[in-house]
Each structure stands twice: as structure tokens, then as C-alpha cells.
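Visitor: The primary structure of each chain is shown beneath.
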Amino acid sequence: MSRSAARSRLKAARLGPRDVLHVGSSGLRSRPMRVVLSALGIAIGIATMIAVVGISASSQAQLLRELDKLGTNLLVASPGDSMFAGEEVHLPEGSVGMVGRIKGVQEVGATADLDATVRRTEKIDEDDTGGIGVKATTAGLLRVLRGEVTRGSWLNAATGRYPSVVLGHVSADRLGITKPGQQVWIGDRYFTVAGILAPLPLAPEIERSALVGWEGAKRLLGFAGHPTSIYERSDDAAVQDVRKVMAATVDPQNPQNVKVTDPSSALRAKAATEGAFSSLLLGLGGIALLVGGVGVANTMIISVLERRYEIGLRRSLGATRGQIRIQFVTESLMLSGLGGLAGVTLGAAATGAYAHTGGLPWVVPLWAVAGGFCATLVIGTVAGLYPAVRASRLSPTLALHAA
Amino acid sequence: MSGAADTDTDTGTVVGLRGVTKEYAGGVTALRGVDLTVREGELLAIVGPSGSGKSTLLHIVGTLDRPTAGTVHIAGHDVAALTDRRLSALRAQHVGFVFQAFHLVPGVSARDNVAEGLLYSGLPRSVRRRKAAEALDRVGLADRLHHKPDQLSGGQKQRVAIARAVVGEPALLLADEPTGALDSASGAAVMELLRDLNREGATIAVITHDTEIAGSLPREVRIRDGEVVADIRNPPVRRPMTTGAEL
Ligand SMILES: Nc1ncnc2c1ncn2[C@@H]1O[C@H](COP(=O)(O)OP(=O)(O)OP(=O)(O)O)[C@@H](O)[C@H]1O
Ligand SMILES: [Mg+2]
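These protein sequence lines are chains H and R, in that order. So the first sequence is numbered by the working numbering: it starts at 289 and just counts up by one. So the second sequence is numbered by the working numbering: it starts at 268 and just counts up by one.
The following block holds chain R by itself, in its conformation from the complex (with noise of 0.2 Å):
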């Protein structure tokens, strides 16, 4: 590990952002300069006031959007230099996305929703459906395969969106509010899961409002204005599973 640029394209390294700056269409800067190195196993919070940048972040780490200046890297690869059929693979392949609005489709039971999540994957329906359901018992749903979406609670929703965002197992998690939908024992059950998911292996990035879900995960990255204003590792918090339900 010489400089930075390096450690982007180490085997360890699954998000790699140097200098990125977004701008707007209409002036806006979104982001300003972003450096951000993730590591595989993190789990990290960016965190910042509404307007900061973090959506616009996690579109440029997830490849869902191409920075005006600066170099991405995801699990290796220098975003800027792959096509659009080369980073729908990268997608495909690396990347699992957790939405607020869960962005379940409706009429088409839990199982079906997580087998979409292998869809673009190439692999067999019988696969796809075989890992859907071993997904959806990870996430505690085992029970609930053939339930359509509006038949669940919005915590069991998003558990839902998550079972089809890990189903490929993808190098990076990415999650924008996932709990925003959500009342608290919820989205505290939500929080619990994500940090099972990273005991387990996941790299995973949430963004959140909330600086009491950014205090309690491992590292917590501040951006505020478009530029990141603290990258904290926080303590490990020992924390007893009974007062999970208290957030």
C-alpha cells in the first residue's frame, strides 16, 4: 500500500473515491472533492443534514450515476472506464441496493420479489428461486415466502428489500434510510439485521438521519455541504439484545 490510488484496486478495498465532485445540472454542487475508502467487512454510517449529498453519494458509489470529476472504484474496477453493459454486470455482480420506499413489486409474493434481486444474474430460475427462499429464512421470513408485499408489515417490507439486495451476495450492501419508512422497534429490528448481515461478512454502507444509528455502528462518516467533515471510528458498543427494542 504506496498511495491511495493503489489501495483502490487492492483485493481489500470494495469503494474507492478520490476527489469525487458531483455537480448538478442547474449549478448545484452535490459533492465537493469526496474522498472515501471502504474495506471489506465495514460497516459505516454517512451521516449529514438533508441536502448534504449523501443520496448523491451512494448513486456514485452504487454506479448508478457517474461523477463529474474524480475516480470511482467498486470491488476493483474503475467505474469510469466500463460501459454501460459492464457496469450493469458490476451491479449485478457487487452491489445489493436498500431503498426507503422498499420499491417491492406489488401482487408478487416475498419469494418472487428476492428471486428478481437474482434476475440480471444469469443463473437458472430454479436457482434463482432456490436461493430466494434461503435468503428470505436469513432475514427471518421463512415463514412468510408466499406473501404478497401489501400482506406484510413495513418492517417485514424492508426485511423483504434486504433478503433481495443480499441474494447475490454482493461485495457491497448499500442501504439510503432504510429505516426513514419505519417506525422505531422496526427499524431497530431493520439496524439489527444489517449488523448480522456485517458479523457475517457484508460490506455494508447505510445512510441515515439519525446520528443515534450513526453513533452505534463501527465507523460513521459526516458530509456536510457535499464534503465529507468526519470520517470517526466509533468504539465497539457492547450492547445487550434486550434494549434493541428501546430505540
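With the rest of the complex left out, here is chain H (with noise of 0.2 Å):
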């Protein structure tokens, strides 16, 4: 060992990254329980909150995957209120046809509301209709709508003369209807039910209803042939032109009498909603993750007390104040962010779990996982910043006071 007291450069070595995680975790890995501990405030708040965000986008998610199935290409033309009240608006005719040949169109269908009311046997009241309307329909109805039947069949050109219905879920639910040969009465007489249907979520009117055939109506039930809804399938492209002139190929006369809406906007709506995750939630979480980083911070000014000794010796190994607040600095953003690690794969778990049983799909956005955990980093610097300049300032004589 040679040694030379000459006058040397003084000038302090930077800790390298692996050394300043040693130093920054030496804290942690002798005290494992606290860590656990303080990190679970942090983890609680950013598991809230990425549940939270998580759990709207999959339900968002599973409503545009919906509508893409259902697509937005339909329209639907029905009376519009009168100008004069009371009087009761019905569509031309011959509407369905010409609507049929609109350039851009693909399918069309119709319903008609009957006066007729639909009950599980004559003995019921005829008042008691449970909110189920009697509806007459063509052919058509079921492939506009992308419509399926789960039980039976629909009406074809044969069941759709004879006294036979289809039902909408509802309906059938209500009526208690469970499969197809069993019989509703409607108006006078009993009609077999040929088909239940699934549901629609583009025509929630249709799961209301009980089906009868255009023709079947005209003979059975005193059906006049006037349409109260034409539904209509186009091209994706042809959507905007097909709105414009709907109104007036329906009825040239009264143009204004046809209202013409985009039931898929609802459906939109709904989704534009559930994008929009509760506040509440939200600021709970955002509670937790306070309440977390004074936990932090008080675990940090907890160790730097009981480290005075080691802090000390630090200084006398040659630690500058900088390396002793880097030091306590690290070991907080570590303490935050395993906080933070923690927290989001709990909340991702969470959402896992709801759109497991939900039937959604698992959608955790990458924004509120970047997000919560930039947020635990910023926690942990500032949960760490008072300690650790509380350490940096602690005389380094201190390690020379026995222990």
C-alpha cells in the first residue's frame, strides 16, 4: 500500500444507475413487510382507477363491436306528429315499394300497429296487454334488421295468410311463451306462434311486438295496408342520399309527415356514455392514491430516522448530500412504483374478471396504464423529496455516536 499525501484533484465520483438502485432498494430489501405495507395505499388508488377506466372501455368496446355487427347503414320512415292533433298520420300505400327502389337501397321491410291486442287466452282482459303491440309485418322485416329467430321460423309466404305470429323476445317472455305450436289469442281468434325471435337492439319496438303477416292481417284482423314503419337497408356510402329523399319517396303529397330516424344513433349515444367513466369512481381512486403517497412519505421520513447511523456512514465513505437525497429519492419512486405495478395489474385483473363474466371484451387503455403509473412516479418524487433533503442535511458526524 503506497500512499502520497500530495495534493490531489477532489472531484466526487458519479454513482452509476446500478449503484444507485443498490443503494436506493437497500432500504426495501431489509424491511419487506413495510414495503408491502406502504406500497398497498398506492396500489388500492391506481387499481381503482385503472378498474375504473378499464371497466367503461370494455362495455364501450362490446357496444361498438354491437353496432359494427348491426351495422349503421339503416333508417327507418314513420308518420311524423300531425300538424293537427289528433289526427292520425298513416304512410301511403305503396310506400314500401317505392322506397324498395331507391338507389343505394339493399332491403326493405315494413310493420303496421293494429288495432288488434295479443293475450295467452280469451279469458284474459283485453285491457291487460302487458305493452306488447300487434304488429303486421312483411316478409322483409327480419332481414333488414339482421334479425334472427331463436326458436321456430318466421313467417313465409304460406304461415304468413293463416293465424300464425312471430314474437319478439319480450313479448314471448311476457306472454310466456317458451316454443313455437304453442297459441296466443289475438283479436278474436287463437294464432300458433311460428318463431320467437332474438333480440334486436336496433328495434327495440319489434321485441315488443307480436308479428302476424301482412297478408294474414289484411284477412284475419282488418288490416287497411298502410305502413307506420318502412325500414331500410343501404350501401354504407349511400346512407346520407338515401336520408335525403326518403321522406318524399315515401309521401310525395306530405313530405313532411314522415319522420325519418337512424336508430344506430342511440346505440352511439350509449356508447359515447359508457366511454365516460364515472367521476366518482374515479376521484375515489384518486383519494386512495393520496392518502398512498402520504403513506409513502411517511415511511420515508420513518426510515431516514432510523437510518441516521448509515446515513452518516455514508457520508463518511465519501457520499455527497446529492447521493444521500438520490439515494432516498430512489428508494421512494421504488417503494410508489412497485405501488404503482402492483395497482395496475390488479386493476387489469379487475376488468379481466368483469368483462370475463360480462361477456365484454378485455380492454385496459394504455393511456390510463401509462397514465396511473407517470402518476405513482410523480407520487413517489414528491413523497420522497422532503425526506430525502432531510437526509442529505443530517450531520455526517452522526455515525461516530455509538449506536
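The hints are simulated quantities; they were obtained by calculation from the structure and are not laboratory data. Check before you lean on any hint, since a few could be wrong.
Residues of chain H placed beyond 12 Å of chain R at every Cβ, according to the derived structure [to be verified]: (1) Asp307; (2) Arg431; (3) His457; (4) Arg462; (5) Gly464; (6) Arg496; (7) Glu503; (8) Asp523; (9) Asp529; (10) Asn542; (11) Ser552; (12) Ile575; (13) Glu598; (14) Ser604; (15) Ala607; (16) Cys662.
Chain R regions said to be covered by chain H (calculated; three or more residues, Cβ under 8 Å) [said to hold, decoys possible]: (17) 346–353; (18) 421–430.
Here are the in silico distance ranges between beta carbons for each label pair [as the list claims (entries may be wrong)]: (19) H:Gly610 x R:Val375: 22 to 30 Å; (20) R:Asp498 x H:Met321: 50 to 58 Å; (21) H:Arg681 x R:Asn501: 37 to 45 Å; (22) H:Met321 x R:Ser393: 52 to 60 Å; (23) H:Ile590 x R:Asp351: 46 to 54 Å; (24) H:Ser683 x R:Ser420: 29 to 37 Å; (25) R:Tyr291 x H:Ile590: 22 to 30 Å; (26) H:Leu325 x R:Ala452: 38 to 46 Å; (27) R:Ser420 x H:Ala641: 50 to 58 Å; (28) H:Ser318 x R:Thr350: 26 to 34 Å; (29) R:Asp302 x H:Val308: 38 to 46 Å; (30) H:Arg322 x R:Ser420: 51 to 59 Å.
Using N, Cα and C, we set each Cβ at its ideal position, and we do this for glycine too.
Taking the hints as your guide, dock the two standalone chains into a single complex.
Guide: And the structure:
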């Protein structure tokens, strides 16, 4: 060992990233239980926020996926509110065929509201409709709505003429009909149930209807032949053009009496509100996060108090004030970062469990994960700064006092 | 060597204190105008009763504290002129400390404890670990590299602490009651180790209560009430190795 007291250049050496991690984690390694407890607050906060955002994003993704399947190229024409109160407005009889001839229209279907009521048996009171309407329907309706028959079959040219009926799933439920072949009382006779429809998110009014064939309704229920709603599906590109001419095509004399609606717009609006997550829950997550941050700061202050000798020792070994500060800020960052990591995992898992049970797609937005993690890093820095500054200001002579 | 002030910056001077006074807040004057020069290769004892200011003196020599008045030169550097960063670098490069309470990091192997002594030196990790093993070998603990502090005896712990202090080959080794927490046999072994290190060239200052230990070292600085009352050069004691264990 050669020694020289020759004056040398004094320059504090920098700690490499690995050494910073090493000193920063030394306090955590010796107290794992405390690490878990103080990271827990941050973890709960982040998990809540990730789950709130993730669950609403998953629900939204589900709606958008459904919307995609249902299509946004459906338009419905129905009688508008008449200018004269009480006057019933009908659509002209031949208008269904007219709509079918508009350029770009692929499918057309129509329904007409009937005065008749539907009941399980004739013995049930006529006023007890259960909110179910009876409608006449064209054969094309099912295709336009992209609907499906869960049990039995759709009306065809033959069954459409006879007393047979297809029920929306809500009306089947309310009537207590579970399988085709059962009978319901419509008007003044029994109709045989031909089929039960699957849910129709774009046409909830059909879900609550009993559908009788167009010709059958004329023959058996005194239907005059005026459609109430005309459903049409067109090329995606033609939707706007069709919409412009639809009213005039349906009723050239009184186009102002025709209301044209886009049923998918309601679903789109719903998807947008699903995406707007509950700010109350998000606020709760934020409070948990704040409390977690205070917990980390508290742990760091205790850690500094407990490790006065270690700090003195490090100063005697040549650590600068800055290096002591970095050590404790790193420790705080690791503590909250660990909580953040656990929180993101927990939140994503909670979203996954919710999505799984609800049959939704599992969506955890990347911005939420990144944002949550950034928040923990900010919290870690803020929570660690004051204890770190205190640590760096401790007198280095502490190490020499007996422990 | 024309005057006292010049000798402080001589290449051979490790410690130069001129008129060092330390007053603590609260009115205690722990040191009163201390002059002290330590030259390269010296082994000295700082001895005095409790409360006489020994530890305070060590803090100031070790640059852990600054005097209220007077000048301090360590390894040629005027401590008063240095920023915290440069003062820290001075400690990292030139000063090693041994504490009565060892201050080893619990749960960390002897080798990693010693390597910690080089953490702020700027050396890469692999070099730090190699030098740590060499230093442990030097203090006779080559076979205890992977032992944790709680698996070591008091004397062994202090030897690990000495290895940590000398691993960076400091210009000055400061020990505050290094044998204070040890039984007499382990204490004697630690003193023997310090003598060996000094024989190899290390400059060492040992604080002690023990007048017998102080008397056995080549130089003895006695302080009382913050003042140097005697600075004695002891005649070299030639003792056979066997008597070491009797202490
Ligand atoms: N941080 C401090 N604040 C105020 N007074 C202090 C402080 N440290 C030491 N003193 C006082 O300074 C005087 C010298 O203390 P010092 O620790 O240097 O004594 P010592 O010689 O090391 O004693 P011992 O042998 O008991 O360790 C004592 O009177 C002590 O009370
Ligand atoms: Mg003391």
C-alpha cells in the first residue's frame, strides 16, 4: 500500500445507475413487510382508477363491436307528428315498394301497428296487454334488421296468410311462450306461434311486438294496408343520399309528415356515455392514491430517522449530499413504483374478471396504464423529496456516535 | 519548512490543524485552539478522559465537521475552502473511518460491506468486489467473505470495518475507540492489525481511553478540556508476539 499526501484533484465520483438502484433498494430489502404495507395504498388507488377506466372502456368496446355487427346503415321512416292534433297519420300504401327502388337501397321491410291486442288466452282481460303491440310485418323485415329466430321459424308466404304469429323475445317472455306451436289470442281467434326472435338492439319496438304476416293481417284482423314504419338498409356510402330523398319518396304529397330516424345513433350515443367513466369512482381512486402517497412519505420519514447511522456512515465513506438525496428519492420512487405496478396488475385483473363474467372484450387503455404509472412516479418523487432533503442535511458525525 | 502554516501543505503532512476551536450550540467549547500535525506514516493515539473533546477532534480531522475557528488541512487541502461535493470526494479518496460500533450493514456479506467502502470512489463494481476480497484477506478474514455480520464475532466485525476503511487506501485512517466494544483479546488483535497496517505505510490516528494502549503506540497526544496537554513520542516498544494475547 503506497500512500501519498500529495494534493490530488478532488472530484466526487458519480454513482452509476446500477449503484443508485443498489443503494436505493437497500432500505427496502431489509424491511419487506413495511414495503408491502406502504405500497398498498398506492396499489389500491391505481387499481381503482385502472379498473374504473378499464371497465367503462370494455363496456364501450362491447357496444361498438355490437354496433359494428348491427351496422349503421339502417334508416326508419315513420309518420311524424301531425300538424293537426289527434289526426292519425298513415304512410301511403305503396310506399314500401317506392323505398325499395331508391338508388343504393338493399333491403326493405315494413311494419304496421294494428288495433288488436295479444293475450295468452281469451279469458284474460282485453286491457291487460302487458305493453305488447300487435303489428303486421312484411317478410323482408327480418333481413333488414339482421335479426335471428331463436326458436321456430320466420313467417313465409304460406304461414303469413294463416293465423300464425312471430313473437319478439320480450313479448314471448311476457306472454310466457317458450316454444313454437303454442297459441296466443289475437283479436278474436287463436294464432299459432311460428317462432320467437332473438334480441334486436336496433329495433326494441319489435322486441315488444307480436308480428302477424301482412296478408294474414288484412284477411284476419281487418288491416287496411298502410305501413307505420318502413325499415331500409342501404350501401354504407349511400346512407346520406337515401336519407335526403326518403321522406319525399314515402309520401310525395306530404313529405313533412314523414319522420326519418337512424336507430344506430341511439346506440352510438350510448357507447359514448359508456366511455365516460364514473368520475365519482375515479375521484375515490384519486383519494386512495393521495392517501397512499402520504403513506409513502410517512414511511420515508421514518426510514430516514431509523437510518441516521447509515447516513452518517455513507457520508463518512464519501457520499455527497446529492448522493444521499438520490438514494432516498430512489427508495421512495421504488416504493411507489412497486405500488403502481401492483395497482396496474390488480386493476387490469379486476377489469379482466368483470369483462369475463359480463362476456365483454377485455380492454385496458394504454393511456390509463401509462398515466397511472406516471402518477405513481410523480407521487414517489414528491413524497421522497422532503425526507431525502432531511437525510442529506443530517450531520455526518452521527455515524461516530455509539449506536 | 519555514513555518507552521507551510508545513500543513507539505507533501509529507497528512493532518495540519492550527488553532482549531469548536464551540457547540449551547455554549460548550469542545476544542480550544488545538494545533496538531500528523505526518505520513505516523501511528498516534489521541487519549484523554471522557468529554475531553477526542471525538470532536476526530470529526474535524475527518472533515465530518468544521471548526468554529482555526484552519484544517487534510492531505494538503484546506478544508474550509471546499464545497460539500469536494469535501465528500476528499473523504472518499483520503480518509478511512473505524467506529466503536462497527456500523456494518446487517444482512449483507462481509465482502459487500467492505465493497461499500469503495462505492463513492467511482471504481467499477467488479473492481470494488475484487479489492474488497483483497482487503478482507489483508485483515485475516479471507475465509469469511460470505459471512453476514451476525455470523461474525465482535473482533471479526471490527476487522471487517477496518477492511472497509482501508480498502480505498486512504491517506489517513481514523479510529474512534476501535476496541471499545471488544474484549481484551479481540481488542489486542485489532490493535496488532492497526500496527501491521501502519508498518506497511498507513497513517493512523486512534482515539482511546486506554492509557496502556496509548503508551504502546509511537506517539501519544493527550487532550484535556479541549486542549492538547502533552504530545509524547514513546520509545518503540519491542514486544514479542506472545505478549499481545495477555492484554
Ligand atoms: N453535538 C454536540 N452538541 C453539543 N455538545 C456536544 C456535542 N458533541 C459533543 N459535545 C460536547 O463536547 C464535549 C466533548 O465531547 P466529545 O464527544 O468530543 O468527548 P470525548 O472525548 O469523545 O468523550 P468520550 O470519551 O466520552 O467519547 C463534551 O462536553 C460534549 O458534551
Ligand atoms: Mg468520544
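Visitor: State for each hint whether it applies.
Guide: Here is how each hint holds up against the structure:
no.	hint	in the structure
1	Asp307	6 Å, violated
2	Arg431	73 Å, holds
3	His457	66 Å, holds
4	Arg462	71 Å, holds
5	Gly464	72 Å, holds
6	Arg496	71 Å, holds
7	Glu503	90 Å, holds
8	Asp523	68 Å, holds
9	Asp529	73 Å, holds
10	Asn542	88 Å, holds
11	Ser552	63 Å, holds
12	Ile575	36 Å, holds
13	Glu598	7 Å, violated
14	Ser604	5 Å, violated
15	Ala607	5 Å, violated
16	Cys662	30 Å, holds
17	346–353	holds (count 4)
18	421–430	violated (count 0)
19	H:Gly610 x R:Val375: 22 to 30 Å	24 Å, holds
20	R:Asp498 x H:Met321: 50 to 58 Å	53 Å, holds
21	H:Arg681 x R:Asn501: 37 to 45 Å	42 Å, holds
22	H:Met321 x R:Ser393: 52 to 60 Å	33 Å, violated
23	H:Ile590 x R:Asp351: 46 to 54 Å	25 Å, violated
24	H:Ser683 x R:Ser420: 29 to 37 Å	31 Å, holds
25	R:Tyr291 x H:Ile590: 22 to 30 Å	27 Å, holds
26	H:Leu325 x R:Ala452: 38 to 46 Å	45 Å, holds
27	R:Ser420 x H:Ala641: 50 to 58 Å	55 Å, holds
28	H:Ser318 x R:Thr350: 26 to 34 Å	32 Å, holds
29	R:Asp302 x H:Val308: 38 to 46 Å	42 Å, holds
30	H:Arg322 x R:Ser420: 51 to 59 Å	30 Å, violated
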